[in-house]
Amino acid sequence: MRPLDPRLLRQARAARSYVLLTTVLGVASAALVVVQAFAIANTLGPAIVATSPGGDGALDRAEIVRWLAVLAGAAVGRAAVAWAQERYGRRAATRVVADLREQVVEHAVTLGPRPPAGAAPSDVATLATRGLDDLEPYLVRFLPQLLLTALVTPATVLVVLGLDWVSALIAVCTIPLVPFFMWLIGTMTAGTSERRLATVERLGSQVLDLIAGLPTLRAFGREIGPAARVRALGESSRRATLGTLRVAFLSGAVLELLTTLCVAIIAVGVGLRLVHGGIELVPAIAVLVLAPEIFLPLRRVGSEFHASTDGVAATQRAFAVLDLPAVAAGGEDAPTAARPGPTLVLENVTVRAPGRDVEAPAGLSARIRLGTGVPGGGRVVALRGPSGSGKSTLVLVLLGLLRPDAGTVSSTLPWEQVAWVPQRPAIGPGTVHDVVTDGREVAPETLAAAAATTGLDAVLADLPDGWESRVGLGGVGMSVGQRQRVALARTLVAGADRPVVVLDEPTAHLDARGEQVVLETVRTWRDAGRTVVVVAHRASLLAVADQVVDVVAREVARA
Amino acid sequence: MPENLRRRAARDPLVRLLPLLEVSWGRVARAVGLGTLTLVCAIGLAAAAAWLIARASQMPPVLTLSVAAVGVRAFGTGRAFLRYLERLASHGVALRGMAALRANLYDRLARSGADVVALRRGDLLARVGGDVDDVGDVVVRALIPAGVAVVAGLGSVLLVGVFLPAAGAVLLACLLLTGVVSPWLASRASASVEQRGAEARGDVTARTLELLEDGQQLRVAGRLADRTAGLRAADRRLAATTDDGARVSGLSAAVEAGAQTLAVLGCLLLGVPAALAGDLAATELAVVVLTPLAVFEATAALPAAAVQLRRSRAAARRLVDLLPESTGSRPAREAAPTGTLLELDHVAAGWSTSAPVVRDVDLTLRPGAVVALAGASGVGKTTLLLTAAGLLDPVAGVVRGEGLFVAEDGHVFGTTVLENLRVARADVTDDDAREALAAVGLAGWLDGLPGGLGTTLGTGGTDVSGGERRRLLVARALLAPHRVLLVDEPAEHLDAATADALVETLAGVARTSGRAVVVASHRLTPLDVADEVMLLDAEAPGAPARVLARGTHAALLGSVPAYRWAADQEEQAPIDV
Numbered sequence: 049m050r051p052l053d054p055r056l057l058r059q060a061r062a063a064r065s066y067v068l069l070t071t072v073l074g075v076a077s078a079a080l081v082v083v084q085a086f087a088i089a090n091t092l093g094p095a096i097v098a099t100s101p102g103g104d105g106a107l108d109r110a111e112i113v114r115w116l117a118v119l120a121g122a123a124v125g126r127a128a129v130a131w132a133q134e135r136y137g138r139r140a141a142t143r144v145v146a147d148l149r150e151q152v153v154e155h156a157v158t159l160g161p162r163p164p165a166g167a168a169p170s171d172v173a174t175l176a177t178r179g180l181d182d183l184e185p186y187l188v189r190f191l192p193q194l195l196l197t198a199l200v201t202p203a204t205v206l207v208v209l210g211l212d213w214v215s216a217l218i219a220v221c222t223i224p225l226v227p228f229f230m231w232l233i234g235t236m237t238a239g240t241s242e243r244r245l246a247t248v249e250r251l252g253s254q255v256l257d258l259i260a261g262l263p264t265l266r267a268f269g270r271e272i273g274p275a276a277r278v279r280a281l282g283e284s285s286r287r288a289t290l291g292t293l294r295v296a297f298l299s300g301a302v303l304e305l306l307t308t309l310c311v312a313i314i315a316v317g318v319g320l321r322l323v324h325g326g327i328e329l330v331p332a333i334a335v336l337v338l339a340p341e342i343f344l345p346l347r348r349v350g351s352e353f354h355a356s357t358d359g360v361a362a363t364q365r366a367f368a369v370l371d372l373p374a375v376a377a378g379g380e381d382a383p384t385a386a387r388p389g390p391t392l393v394l395e396n397v398t399v400r401a402p403g404r405d406v407e408a409p410a411g412l413s414a415r416i417r418l419g420t421g422v423p424g425g426g427r428v429v430a431l432r433g434p435s436g437s438g439k440s441t442l443v444l445v446l447l448g449l450l451r452p453d454a455g456t457v458s459s460t461l462p463w464e465q466v467a468w469v470p471q472r473p474a475i476g477p478g479t480v481h482d483v484v485t486d487g488r489e490v491a492p493e494t495l496a497a498a499a500a501t502t503g504l505d506a507v508l509a510d511l512p513d514g515w516e517s518r519v520g521l522g523g524v525g526m527s528v529g530q531r532q533r534v535a536l537a538r539t540l541v542a543g544a545d546r547p548v549v550v551l552d553e554p555t556a557h558l559d560a561r562g563e564q565v566v567l568e569t570v571r572t573w574r575d576a577g578r579t580v581v582v583v584a585h586r587a588s589l590l591a592v593a594d595q596v597v598d599v600v601a602r603e604v605a606r607a
Numbered sequence: 101m102p103e104n105l106r107r108r109a110a111r112d113p114l115v116r117l118l119p120l121l122e123v124s125w126g127r128v129a130r131a132v133g134l135g136t137l138t139l140v141c142a143i144g145l146a147a148a149a150a151w152l153i154a155r156a157s158q159m160p161p162v163l164t165l166s167v168a169a170v171g172v173r174a175f176g177t178g179r180a181f182l183r184y185l186e187r188l189a190s191h192g193v194a195l196r197g198m199a200a201l202r203a204n205l206y207d208r209l210a211r212s213g214a215d216v217v218a219l220r221r222g223d224l225l226a227r228v229g230g231d232v233d234d235v236g237d238v239v240v241r242a243l244i245p246a247g248v249a250v251v252a253g254l255g256s257v258l259l260v261g262v263f264l265p266a267a268g269a270v271l272l273a274c275l276l277l278t279g280v281v282s283p284w285l286a287s288r289a290s291a292s293v294e295q296r297g298a299e300a301r302g303d304v305t306a307r308t309l310e311l312l313e314d315g316q317q318l319r320v321a322g323r324l325a326d327r328t329a330g331l332r333a334a335d336r337r338l339a340a341t342t343d344d345g346a347r348v349s350g351l352s353a354a355v356e357a358g359a360q361t362l363a364v365l366g367c368l369l370l371g372v373p374a375a376l377a378g379d380l381a382a383t384e385l386a387v388v389v390l391t392p393l394a395v396f397e398a399t400a401a402l403p404a405a406a407v408q409l410r411r412s413r414a415a416a417r418r419l420v421d422l423l424p425e426s427t428g429s430r431p432a433r434e435a436a437p438t439g440t441l442l443e444l445d446h447v448a449a450g451w452s453t454s455a456p457v458v459r460d461v462d463l464t465l466r467p468g469a470v471v472a473l474a475g476a477s478g479v480g481k482t483t484l485l486l487t488a489a490g491l492l493d494p495v496a497g498v499v500r501g502e503g504l505f506v507a508e509d510g511h512v513f514g515t516t517v518l519e520n521l522r523v524a525r526a527d528v529t530d531d532d533a534r535e536a537l538a539a540v541g542l543a544g545w546l547d548g549l550p551g552g553l554g555t556t557l558g559t560g561g562t563d564v565s566g567g568e569r570r571r572l573l574v575a576r577a578l579l580a581p582h583r584v585l586l587v588d589e590p591a592e593h594l595d596a597a598t599a600d601a602l603v604e605t606l607a608g609v610a611r612t613s614g615r616a617v618v619v620a621s622h623r624l625t626p627l628d629v630a631d632e633v634m635l636l637d638a639e640a641p642g643a644p645a646r647v648l649a650r651g652t653h654a655a656l657l658g659s660v661p662a663y664r665w666a667a668d669q670e671e672q673a674p675i676d677v
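Residue numbers (our numbering), protein chains in the order written: chain H, 49 to 607; chain V, 101 to 677.
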């Protein structure tokens, strides 16, 4: 596992500025630590010498005051650096998360309606919302400490080297021991702690399972019995967890032991050499103050380690999605032949249904003739077949959103000429008026006529603010049937210049009156010369069709 | 403690939840003691090293330094051991508390009255796990660090104060800055980010989901760029709330970082003149100045502790809300009249007494009766079944007798198939189980399972599809000793043929075993097996539903046009699998 994925720096521009900022602040904080140590040593040292038995009691007051001023400056400086890290570091971290979220979502959409495993909308949604939020503690807490370890630790060692090479040598010998012992303990305990962790998780989920099943147990009148079991499970869970922790805390203890012992050894060594005059008091104090600072970032990295595993895992999942090849959008690179008028030729088109041993559609061949676009030249093409036969899948193929697993399509429908009303149309955000007009200037009469034709008028009557009701995000909730009517009206008004209309089961959620309304709308479009491709179950819709394409599915042998 | 303070404390959800954690104060004291000793080592190391160096600079005989030298090494070694023991002790306290809390929560919920039905609504249960963890964390991350900080902080103030009282006061002031002011600021910042950020975060989530769900349509319609820009703007609003919080938490970080140096500066300013005046020995001056460098470790965890305390309090509040007010058991149901199994007499059902969802329902179930409740989704079929089962008190009227409510979303436990069926009755044998599974058409599914009846289901086990789950729940109900089965939407998630067969199985069981079955269904086709169909509908939008028509399926097809139309639609458009 890499603690910092270089792709994060390449892909997310905000990440680069974040790392730069943190590095600058890290250097500043290293410098301040050193300055503070020197300021303390240069005030305390002379004072001790002056007031020790045999000292002359004289102090260079100007010098002391100067160093005290430096120390005050260091206090202000440290406060400022901490403030800047929190203030701007957090801002930059949220930018990195937002940046990555946008990229992941945008890319996931280009994967088409049937994305590969791991990139299903629900998976990507979890990753893009909760998953990427794990990146924030990683960026805000772990990464700065990691950079500080890389900057402050060597810088302090170098300064100590300049003051007292023996102490520097002790520190340099200790530092490699830290990762070595942590690695040793890690490999020695890896198996046990993983096994124990699995036990802990299983026990924990059993308790929650019983609580979650309480309504069911109650319905059967068997809710009292498991109480003792919950307690017993909790007790075993506690024991198992403590067992894991006993091992997990070991590495922390070793880290702490090595670093504190090292500081102690440096302190005693410096003290003993002072007695023999092997070192001056001022550098001795500076070394004493600096010694713990060598190890401080290292210890903090250790305590924030879990933030790093979560953050790195989230980054890797995000890049796994970004690495998936986009499905070339058919509407963008399709041959330009599909102007209204010509014919789409489908030969032996077959799509394997995801997760089922079914091909739907299976071996479909058809010549779908489109309308001419001039009044009188319109056509209605109905796609017919039982549930699950692949009618909606065929629509996706016609739109070029999905490539058939076998067979060919002569051309797909160009998107800028298509108005598509799927089973669950996307609505909003905005007012009903905005959605239906799509921001264009539309005469009120045209709107009223469209509402009457599509049955939207009945929907509007139920909405609190009529045309001005807000729908979509944060607006009123709409049933699928209501959404479809809004989408139909939008297709009539805003989509008036699109010669091809694709309707997926427009009558599925409608009552008798609604069905009549859809029939009326389809006839209006045909009279205007448009092509209507409609997925239909009901006899009434099939009756108005100029062409009916039968879609059938086929079971295939389990692979 | 003043009266109003005590009352406020009693209202604090964490305090109210405390008895359920069964905290052993002896164990808490042990953890705090170990934590304090850890800090004693850290501070002792600094103080002893300071004294050692100051004394050594006076070039005394080496032997006079040996005690200090040994002390420094001992403190350096002891600290790691003590810290290890403290972490184990504090996590032990937390884990005990969490285990007790889970058990007590389960116990209270199980023994409560009808309130447990309310659990079915919302995601309350889904959050219980996380909330219990959050309440447990308060011990490790807030309670014990705070205790350690108070003891160790005061101890070091005393140590410095013995040498130079004024320096002790400076140290105390700086410790108050990092131990009180900085945590308070951090807690305020996180509160404002969470409150104001919740809305922005919700907006970002909603837009993300919309883009992912409707992405293909948006691509075709050419609106994708538009919506992505919307997401970007929402993310910017979210960043702005974080940014506002960072203004305050930045202050908290600055106070924390600056206070340590400030304390050293203050001790120098007071100590050097005192030493020059002869009030303070040179070695004591070193101790007074250098000890503060180690002391601030005591308060370093407190800003995070304050944030955790707030978060835990919110979790505790949710758990307290979940707990029933009373733990008294419910009065026993009136028995059904002789010859009947269940009787509903002018029953009105609903979640609140003021607004019934369904009213005026009369129903008498005799052995072998098969009754269907029909009506649109949301009309109140489930509420009526819950009331009939005794899981919900009737708003008006009387229910006599008892029944088993078989929920649409009944729980499949993460255990074996057999244990899942034994929820119905503890003495279900393998043969009983196989028979029940075969009755609901799961014989083939059972054969395909790797471990047969011993296969573990659910989380971490074999996945159960929606349709298999429905049938498993019905099989479990068939095994229960109850004589009345109230089955909610058995056809959900099933294809038309399986759905109709399942309803037929239920009807067959009722007729052959002398039980009674009520089936709620929005799908009408299978209802021809019922003796009677009760069609529920509201007369006006918003009014409670009543029985609009009742009779056999065939009779309703003839007499109710809306029923006929809906049934026709099912014939033409079989429900999707």
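To be clear, the hints were calculated from the coordinates, so they are not data collected in a lab. Here a beta-carbon is modelled for each residue, glycine too, at the ideal position from N, C-alpha and C. Careful: at least some of the hints might be erroneous.
Claimed, not checked - These stretches of chain V come out as covered by chain H in the derived footprint (C-beta under 8 Å, 3 or more residues):
hint, stretch
1, 122 to 133
2, 191 to 203
3, 321 to 329
4, 388 to 399
Unchecked claim - Just so you have them, the derived chain H footprint on chain V, three or more residues with Cβ under 8 Å:
hint, stretch
5, 159 to 172
6, 176 to 185
7, 252 to 265
8, 347 to 353
9, 367 to 377
Against the structure, the hints:
{"no.": "1", "hint": "122 to 133", "result": "violated (count 0)"}
{"no.": "2", "hint": "191 to 203", "result": "holds (count 9)"}
{"no.": "3", "hint": "321 to 329", "result": "holds (count 4)"}
{"no.": "4", "hint": "388 to 399", "result": "holds (count 4)"}
{"no.": "5", "hint": "159 to 172", "result": "holds (count 7)"}
{"no.": "6", "hint": "176 to 185", "result": "holds (count 7)"}
{"no.": "7", "hint": "252 to 265", "result": "violated (count 0)"}
{"no.": "8", "hint": "347 to 353", "result": "holds (count 6)"}
{"no.": "9", "hint": "367 to 377", "result": "holds (count 6)"}
The structure shown violates the earlier hints numbered 1 and 7.
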